[in-house]
Amino acid sequence: MAARAKKLTAAIATVVALVLCGANPSGSRGEPERLAPLQQTTRPVQRIVSLVPALTEMLFAVGAGSQVVGVSSYDDFPPEVQSRPRVGALLDPDVERILSLKPDLVVMYGSQTDLQGQFARAGIRVYSYRHGGSGNGIGNVLQTIHELGALSGHKVEGDRVTAQLQARLDAVRARVRGRPRPLTMLVMGRDAMALRGVYVSAGVGFLHELLEVAGAEDVFADVKREGIQPSNETMLVRAPQVIIELHAGAEPTPEVIQKERSVWSLLSSVPAVRNRQVHLLYGGYLMSPGPRLAAAAETLARVLHPDAFVGVDLKVLP
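With the first letter of the sequence shown counted as 1, position 127 gets the number 120 in my numbering; the numbers rise by one all the way through.
A portion of the hints provided could be inaccurate.
Between beta-carbon pairs, the in silico distance windows are [as the list claims (entries may be wrong)]:
id, residue 1, residue 2, range
1, D215, K252, 49 to 59 Å
2, E210, Q159, 15 to 25 Å
3, D152, S224, 40 to 50 Å
4, V149, E248, 32 to 42 Å
5, E248, D152, 45 to 55 Å
6, R166, M186, 30 to 40 Å
7, E73, S255, 50 to 60 Å
8, P71, S262, 37 to 47 Å
9, V305, S93, 47 to 57 Å
10, G304, Q157, 18 to 28 Å
11, R172, K95, 50 to 60 Å
12, S262, D215, 16 to 26 Å
In case anyone wonders, no lab produced these hints; they're calculated from the structure.
Remember, it's a predicted structure, so these values are computed and weren't measured experimentally.
Beta carbons are placed, not taken as given, at the ideal position from N, Cα and C, and that holds for glycine.
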């Protein structure tokens, strides 16, 4: 489990680094992203290799799990992916292994243009996932689920999953509607046991949108990027009322959590630190743009507005 958590953290760090340098994995800079149009076909694909963990999760969610014959090095959900062959990922795809699995569809990142060309020459269809920019929001997630459902022959299931996901997000919005929206900083990475290398969500993308669904005002909403690396001085000036850290790995011991939280004491004048509103959350679902978005929204909303969920069991919302 620890090794998988480290791999997932490394993958997230790669994506965050691309965002912070002004690019995204599809290779464009600051322009709206769109999924590549689906090619017309008379038969659903039968053998799928996925290099994108969030899209692997979508395929299983719509009922196409049995058609997935290969997954990336970073896939860990749902548990069934553990039985699938590993074929590399964004930076190290194993082309020979992928070809040996005889896929009729490979799901990959839009930046993997050379790889797309290789599969095109081999007569293998490609679904190009373009992550990043203003198109990387909740609507993009819903669209992707819908398209993968149709492509894999599970259109009805895909429509059902998207409808249920939208309903749960709407239920979270409704539960926190009318409540004060605290100025919140969503942290998606920093150095362990130190207030260095802090990466935060900004005003574009699914994490920013989840924060708004959960009833918060994003402290960096005016910065039209997915993520930035603010200085301590910037965080002091922005003065968030709540700080929420997202960690993809398993929850550590209470002692470790307390030590990690205490690093924020360097910014003791920030309202969130002064009022003990620094929260550390753990779980891969919190940072995955896939079918578990509603669960992430519910978790954030419970932190921001705990009184709105008194007597409501986790995940009982529609």
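Here is how each hint holds up against the structure:
1. D215 x K252: 49 to 59 Å: For D215 and K252 the Cβ distance comes to about 33 Å; the hint is violated.
2. E210 x Q159: 15 to 25 Å: At 23 Å between Cβs, range holds.
3. D152 x S224: 40 to 50 Å: Taking Cβ atoms as reference, D152 and S224 lie about 45 Å apart, which means the hint holds.
4. V149 x E248: 32 to 42 Å: About 49 Å separates the Cβ atoms of V149 and E248, which means 32 to 42 Å is violated.
5. E248 x D152: 45 to 55 Å: For D152 against E248, whose Cβ atoms are near 46 Å apart, the range 45 to 55 Å holds.
6. R166 x M186: 30 to 40 Å: 36 Å, holds
7. E73 x S255: 50 to 60 Å: 39 Å, violated
8. P71 x S262: 37 to 47 Å: 44 Å, holds
9. V305 x S93: 47 to 57 Å: 49 Å, holds
10. G304 x Q157: 18 to 28 Å: 23 Å, holds
11. R172 x K95: 50 to 60 Å: With Cβ atoms ~53 Å apart, the hint holds.
12. S262 x D215: 16 to 26 Å: The hint (16 to 26 Å, Cβ to Cβ) holds, given that S262 and D215 are roughly 22 Å apart.
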